[in-house]
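A.B. asks: Each chain is listed here by its residues.
There are 2 protein chains.
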Amino acid sequence: VSPKTTTGERTQFRGDSLETRNKIRAAAARTIARQGIRGLRVEEVAAAAGVSTSLLYYHFRSRSGLVNAAFEYASEHAPSTALRIASDSRSGYEALEGALVAELDDDPSVRDYAVVWGEVCACAVYEPEFRSVLTHITRNWRATLAGAIERGIADRSIRSDVDPQETADVLISMIEGLSVRWLAGSLDLGRARELLLLTLQPLRA
Amino acid sequence: VSPKTTTGERTQFRGDSLETRNKIRAAAARTIARQGIRGLRVEEVAAAAGVSTSLLYYHFRSRSGLVNAAFEYASEHAPSTALRIASDSRSGYEALEGALVAELDDDPSVRDYAVVWGEVCACAVYEPEFRSVLTHITRNWRATLAGAIERGIADRSIRSDVDPQETADVLISMIEGLSVRWLAGSLDLGRARELLLLTLQPLRA
Numbered sequence: 028v029s030p031k032t033t034t035g036e037r038t039q040f041r042g043d044s045l046e047t048r049n050k051i052r053a054a055a056a057r058t059i060a061r062q063g064i065r066g067l068r069v070e071e072v073a074a075a076a077g078v079s080t081s082l083l084y085y086h087f088r089s090r091s092g093l094v095n096a097a098f099e100y101a102s103e104h105a106p107s108t109a110l111r112i113a114s115d116s117r118s119g120y121e122a123l124e125g126a127l128v129a130e131l132d133d134d135p136s137v138r139d140y141a142v143v144w145g146e147v148c149a150c151a152v153y154e155p156e157f158r159s160v161l162t163h164i165t166r167n168w169r170a171t172l173a174g175a176i177e178r179g180i181a182d183r184s185i186r187s188d189v190d191p192q193e194t195a196d197v198l199i200s201m202i203e204g205l206s207v208r209w210l211a212g213s214l215d216l217g218r219a220r221e222l223l224l225l226t227l228q229p230l231r232a
Numbered sequence: 028v029s030p031k032t033t034t035g036e037r038t039q040f041r042g043d044s045l046e047t048r049n050k051i052r053a054a055a056a057r058t059i060a061r062q063g064i065r066g067l068r069v070e071e072v073a074a075a076a077g078v079s080t081s082l083l084y085y086h087f088r089s090r091s092g093l094v095n096a097a098f099e100y101a102s103e104h105a106p107s108t109a110l111r112i113a114s115d116s117r118s119g120y121e122a123l124e125g126a127l128v129a130e131l132d133d134d135p136s137v138r139d140y141a142v143v144w145g146e147v148c149a150c151a152v153y154e155p156e157f158r159s160v161l162t163h164i165t166r167n168w169r170a171t172l173a174g175a176i177e178r179g180i181a182d183r184s185i186r187s188d189v190d191p192q193e194t195a196d197v198l199i200s201m202i203e204g205l206s207v208r209w210l211a212g213s214l215d216l217g218r219a220r221e222l223l224l225l226t227l228q229p230l231r232a
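As they're listed, the protein sequences go chains C and F.
Residue numbers 28 to 232, in this note's numbering, belong to the letters of the first sequence in order.
Residue numbers 28 to 232, in this note's numbering, belong to the letters of the second sequence in order.
So that you can see chain C by itself, here it is in the shape it has in the complex:
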């Protein structure tokens, strides 16, 4: 085991260790989805993951290290990560639309991760220790979306005058706003999807 520090976590573990880490990250994400970050007790996450509190601290060092790791876990499991897979028979536009619409879904496996994302953003307003991971993950997400947009421009499913970076930033902001409203109960899920499609359609070639 050679622990290397990235974004407050240790990486490069062998199989067993990786499995334990994922079990803890999944339990932390689930717990945050249920009761938020501010009510999060490290002991409870350890119990939910079936590990000791000291093993949890060994892997994640601190409560905020655990939250950041749960956030990374949630973002790794977000539907739009599918855009990173190069082989897709759909056009660039269709892949982009499909991936973004899939982010707005009442299925618990999607909703929970959206709740974790929103909760980390909300806490980052008050707790600066969440900002660097948030910025890092947002940057990756933007690169993924920009890549999908470039692919759409190349296959002529997306207009050639669209700026991939700028448009990716607009789409991320829109998804975040729609998610906030949907999860807070001030916007119906079906309506949220309609508004997303309305934002996407002008990109179409």
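Take the hints with a grain of salt, since some may be wrong.
Unchecked claim - Sample of chain F residues at the chain C side, in silico, Cβ under 8 angstroms:
1) 63
2) 75
3) 146
4) 162
5) 196
6) 205
7) 216
8) 220
Quick caveat, the hints were computed from the structure, so don't treat them as lab data.
The C-beta atom is built at its ideal place from N, Cα and C for all residues, glycine as well.
Assemble chain F onto chain C, guided by the hints.
C.D. replies: Relative to chain C, chain F alone:
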């Protein structure tokens, strides 16, 4: 004094009482902007407003009544309420753009209210008692924006094929997403404004 219940609060007070209520609402909004809802102690708000805890409870009944009242206070003071004033020499488009850009501002008087708005949305995910006021205020905000868009269509500063309700909903979602990202520190304020303008400009006639 004839107390009437609207959205968990009592209204129709004479001058003195109204002043006290506003002092408490302002103190609650400021406290939420500093430390969030989940860390909010009613005693602390009472002390900041210079009133007794029992007077605070007399006016707002409960902690969630107080939070809802602070949220209403914040939304009454949001820059885009300026759109409700009919007399404006600018075109409908210019008034709309000006009001929305003003929502993204580091001035504490604007930022604090944006933080309160975001915090209520974030808490409403877990605490359903915030949802009805949130839905009610969002509906009013949408009506204000839709009215401004209609005015812009009438004075030909906004394209006639724009749907006022739908566009208002898109703009609210965009502002919420940009605010979340700006306040969480994952998006620069200047960039947030650029992205907002990018969303607004296609509305121009």
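A.B. asks: It remains to establish, for every hint, whether it holds in the given structure.
C.D. replies: Verification of the supplied hints:
1. 63: With a minimum Cβ separation of about 5 angstroms from chain C (threshold 8 angstroms), the hint on residue 63 of chain F holds.
2. 75: Status violated, d = 18 angstroms.
3. 146: holds (7 angstroms)
4. 162: Holds. Min distance 5 angstroms.
5. 196: holds (6 angstroms)
6. 205: At 5 angstroms from the nearest chain C Cβ, residue 205 of chain F passes the 8 angstroms test, so the hint holds.
7. 216: Interface hint status for residue 216 of chain F: violated (13 angstroms vs cutoff 8 angstroms).
8. 220: violated (12 angstroms)
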